[in-house]
Amino acid sequence: MIRKKRFTLVLVIALAVVVAFAFGACGGGEQPAEEPPADTPTEEPPVETETESDDVEPAAVKVTIAMLPKFKGENYFDAVKVGAEEAVAELVGEGADVELLYDGPPQNDATNQNQVNILEGWIAQGVNAILVSPNDPTAIAPTLKKAMEGGIKVLTFDADADPDARDLFINQGSYDAIGSGMVKAVASKLTEKGYGPDKTANLGIVSSAKTDANQNAWLDAIKALIATDEYSWLKIANEETDVYYPGPDETETQKQSGTLISRMGDGADQIQAAIGLTSMATPALGAQYESAASKPDATKVTMTGLATPNALKDYIKNDANPLDTGVLWNCMDLGYLSVEAAYQYASGTITPESTTMTTSRLGEREIADKVILLGDALIFDKANIDEFNY
Amino acid sequence: MEQTSLRQAPDGKGKFKKMLTTEFYLLVFLVAILVMMRIAAPDFYSLNTIMTVLNYFSYLLIAAIGMNLIIITSNIDVAAGAIMSVVAIVIAFVGKTGAPLPVFMAVGMVVGLVLSWVNGLFITKLKIPAIVATLATTQLFVGALPLVVEGSIYDLPASFTWLAFRAKLFGALPASVVFAAVITVGFMLFMRYSRFSKKLYAVGNNKYAATLTGINVNKVMILAFVIAGPLYGIAGTIIATGGQRVTTTMANGFEMTLIAAVVLGGTSIAGGSGKIIGTVLGAFILSLITPAMNYIGMSSDWSDAVMGGIILLAVVVASISTLTKKKKTIVVPDAVVSASASSSGEVK
Amino acid sequence: MADGMETLATPKVKKRFGVNFNIALILILIALIAVIGTVNPTFVTYNYLMAVVVKNIMEIGLMALPMTLIVITAGIDLSVGSIMIFSAIAGGMAAASMGDGMGVIVTLLVGAGCGLVNGLVIVKLKINALITTLATFFLFRGIAKGITHGDSVYSYDFTTFAGNTDIKGVPLVLIVFIAAAIIFTLLLSKTGFGRSLYALGMNENATRYSGINADRTLIIIYIISGVVCAIAAFFYLGRFTSVKFDVANSMNLKVVTVIVLGGTSILGGVGDMRGTIIAIFIIAVLNSGLTVMDIPIDVQTIIQGTVLIISLIVYSILGERAKKRRVIEVSKEDEPRLVDKAPA
Chain A
41 MIRKKRFTLV LVIALAVVVA FAFGACGGGE QPAEEPPADT PTEEPPVETE TESDDVEPAA
101 VKVTIAMLPK FKGENYFDAV KVGAEEAVAE LVGEGADVEL LYDGPPQNDA TNQNQVNILE
161 GWIAQGVNAI LVSPNDPTAI APTLKKAMEG GIKVLTFDAD ADPDARDLFI NQGSYDAIGS
221 GMVKAVASKL TEKGYGPDKT ANLGIVSSAK TDANQNAWLD AIKALIATDE YSWLKIANEE
281 TDVYYPGPDE TETQKQSGTL ISRMGDGADQ IQAAIGLTSM ATPALGAQYE SAASKPDATK
341 VTMTGLATPN ALKDYIKNDA NPLDTGVLWN CMDLGYLSVE AAYQYASGTI TPESTTMTTS
401 RLGEREIADK VILLGDALIF DKANIDEFNY
Chain B
6 MEQTSLRQAP DGKGKFKKML TTEFYLLVFL VAILVMMRIA APDFYSLNTI MTVLNYFSYL
66 LIAAIGMNLI IITSNIDVAA GAIMSVVAIV IAFVGKTGAP LPVFMAVGMV VGLVLSWVNG
126 LFITKLKIPA IVATLATTQL FVGALPLVVE GSIYDLPASF TWLAFRAKLF GALPASVVFA
186 AVITVGFMLF MRYSRFSKKL YAVGNNKYAA TLTGINVNKV MILAFVIAGP LYGIAGTIIA
246 TGGQRVTTTM ANGFEMTLIA AVVLGGTSIA GGSGKIIGTV LGAFILSLIT PAMNYIGMSS
306 DWSDAVMGGI ILLAVVVASI STLTKKKKTI VVPDAVVSAS ASSSGEVK
Chain C
2 MADGMETLAT PKVKKRFGVN FNIALILILI ALIAVIGTVN PTFVTYNYLM AVVVKNIMEI
62 GLMALPMTLI VITAGIDLSV GSIMIFSAIA GGMAAASMGD GMGVIVTLLV GAGCGLVNGL
122 VIVKLKINAL ITTLATFFLF RGIAKGITHG DSVYSYDFTT FAGNTDIKGV PLVLIVFIAA
182 AIIFTLLLSK TGFGRSLYAL GMNENATRYS GINADRTLII IYIISGVVCA IAAFFYLGRF
242 TSVKFDVANS MNLKVVTVIV LGGTSILGGV GDMRGTIIAI FIIAVLNSGL TVMDIPIDVQ
302 TIIQGTVLII SLIVYSILGE RAKKRRVIEV SKEDEPRLVD KAPA
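Residue numbers (our numbering), protein chains in the order written: chain A, 41 to 430; chain B, 6 to 353; chain C, 2 to 345.
The shape of chain A in the complex, shown without the other chains (with noise of 0.2 Å):
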């Protein structure tokens, strides 16, 4: 007997340093615990919020704003996340009490799950806001619902969800004008290298996984564009292999690249133009074109897509890579003004009436049908390129 109690008690001991680590890791972590007992049911705060700063304008109650991106640790969202950084700092240094959780699933599990059990946790704590750019639009509107009731204010950004399932959505930019700035840098480009109406070209396009609601918004956006009149020598010969759907997985994104860096030339039954739809299958393209063995001839092919500009600027910059310009919008204007919707929305300064909304930085933004858009898109290439540092 005595000796078995020595066993539990090694046991015992053992997982308390377990339990002493994960405090360790608590105190670590960037939240300071101090906040508990302002958050007890979660109805309350909302309320809270919303009364006071309809008469007082200086919002003294805390807002805590959660964000949660599509995944982490890739430059993208981490541009996002310096903006609304940025536009915390702002607001704190206005005299507000802001404070900004972030996280979000890792870069080879963005799933739809993984980012429900990140938002039950925040759901349970009663934040004010909850910004989320979701993996799958569907399957996350009951969990945003269940937050909505729970008086939680719900925004997307970067990608939408469901519209019933959010209260506002930061646009980055109409899928139309993005998809036109992808298929008209694709055209330019192919009609100097001698492609056009007796000449048609194929497309092959890298996507993310299928069910990711803005990349088949812009690849429905490209093909509405090439089958108008003016595009139509631009094709997708076969959407079953020509549309590549490697998922956010930056591995598996190069590899699908590598395929389709071998299909490209300029026979007829070769692909003429890439595309990349994520800001991981763009540069993968240009890294793909780089370490081919013989590379497909630069002057009968092009590639473009959407990527952060330090991502693409050494292949843009290089003349003998095909990969010449690239789209995209202002990310960390995206964080800023997300962060300022966010924030404005749950201190009442917007309600979903308003029509405008103002940031100090950025000036009056349009609200139209529960939308805010950011701005342009932003092409850019070898003149441009050295004015973007993200």
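The hints are simulated quantities; they were obtained by calculation from the structure and are not laboratory data.
Computed from a predicted structure; not experimentally measured.
Treat the hints with care, as some may be off.
[Said to hold, decoys possible] Looking from chain C toward chain A, a few residues come up when the C-beta cut is under 10 Å (computed): (1) N41; (2) Y49; (3) N57; (4) H150; (5) G151; (6) F162; (7) N165; (8) T166; (9) I168; (10) S197; (11) Y237; (12) S243; (13) L291; (14) V293; (15) D295; (16) I298.
[Claimed, not checked] Cut-off 25 Å, straight-line C-alpha distance, at most; resulting in silico cross-link-like pairs (SDA-like, lysine to any residue): (17) A:K340 with B:L52; (18) A:K357 with B:A163; (19) B:K101 with A:N358; (20) A:K335 with B:I55; (21) C:K127 with B:V321; (22) A:K239 with B:G302; (23) B:K212 with C:I318; (24) A:K186 with C:M51; (25) C:K169 with C:L254; (26) A:K335 with B:L161; (27) B:K212 with C:A207; (28) A:K335 with B:R171; (29) A:K275 with B:M303; (30) C:K125 with C:M51; (31) C:K125 with B:V321; (32) A:K224 with A:D306; (33) C:K127 with B:E28; (34) A:K335 with B:A45; (35) A:K224 with A:G236; (36) A:K275 with B:A46; (37) A:K239 with A:D337; (38) A:K335 with B:F175; (39) C:K127 with B:L318; (40) A:K340 with B:A177.
Note that beta-carbon positions come from the ideal geometry of N, C-alpha and C, so glycine has one too.
Add chains B and C to chain A, keeping to what the hints say.
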């Protein structure tokens, strides 16, 4: 496989039977795929496609050889992908400073060695079964990375991507393939002539018997992990240098493909058997699947199912051939036959 | 603490340290709840415990029950997550075209079929369970991906009901889980079938000679595993309103973590259902509790890994000592005082 051939009766049929190894079947299967691709999609044989396939094949093979050594000792390593992810991030830190390939690859090999050695210690010193020990360390490695690196490391200099972008033999053959070839030949010689390799098989076959013949079982097992570590390091380096950006999850989950390549190559998960040449064939077949499907016009959505089906088919064929072989060759009392048949199956 | 342990332990000393393990696990569970509850009181509200902590783990919990049986026989099933997703997707597609009834039937059939495939390959073709289920992990998930082309499949009335129904504040899934837990506990500890599983795990050949139909027993538990995965699929699909092939990836290893933490040896022959059940709740509290404390997901992974390693070390130390003690018992049978077992 040496053992199998010894067991064969030395009559006339023996020679032909000797050829009917797992490797032989795999080779036939591989040739069949290649011929089919020639007929169905001649485009597949463009220089580019071949080199893209070979590049993936090279790092899959290098890491799979390490996994093969571990599996021969009847262990398994599900932390391999996590280790390669750690290697990728560490060498990106080093490479960011402009250090050349030999420097950061050496760093990668050391990191791989140390982490793999930790796994070996857990398994031998604490007597934790390999699958759960490496499952636990995977969580530590995977969890630690994002704490060290916020996001990805990008804008890596040309010296970092030199291996993937510029280092080509005869202007076409990626240097990574040369690495893989050298390593493969080296390990084939090592497995054939070194005394240590015999110990690997002995430990995998029967730990207790190995102990009785004076082999230090723990040392052999740890060494298997220690040898595998630098191989993961090289594979991780090839993966990381494929682009100007390194993320924290680059090789997570890759261990499943490694194990699949080794198993497809005829190495028994029970340990004590398996040839490097089998792993080479297994890795090559797996690296063909996705691009081959793309060329014959099938959506890559089916590639996982095809991969699972091929592995299952391979082990089923191997199992049926051994089961029937046993029935034919051994003419001994029934009880012994059933005992040997069942002991060759479920292994603890 | 020690007193309580002793009084509880005495009547069941026969089980050696098994009971003490479970008590230690319960203590850990209570300690975790206390610590997290102090840091953030929201955690210990009934609503949060039920709606988040419990609901988030139930599918994994359900799958861990039959998996415990499999691991006790020295087998393993790495394909459970893939079976769940495949059956959920096949059922969802059937429901969309042929109605709810077909959806339910197809889900269960697919689950049972996958289990049967695993069982037949492992038992009849004598292929190692780890390899078989590694291959079927790719195969089932791959088929799920192929038939949906990587797209989502949506919930139907029955799954929506299953995933979102509360009976007097208790989620339906918890009631089903408790019922299943009781059935599996009794099956393992009180029936000849359960005992034959331990025997198979300790020495399969000897068990075969003792007249137990080992083949049938093993195939049955793999089928049970498949069916339970299909049942978990109903709740999962209902709770998330849609599923996609990619969620299965990390699920298998989570189930293995639960079982190992619960004290079942991956080498077979040792383990009990109560340990698994307590471990399920420990993992649940760790997952949801750390989220509530705003600890980033990455740190949660590390903590889970640490818990797993420590429990493995403790089990390994205890296992070694138990082995030594057994040797003492046998060699010194003439001196029963040395044997620290109470009379039966």
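Broken hints, by number: 6, 8, 9, 10, 25, 30
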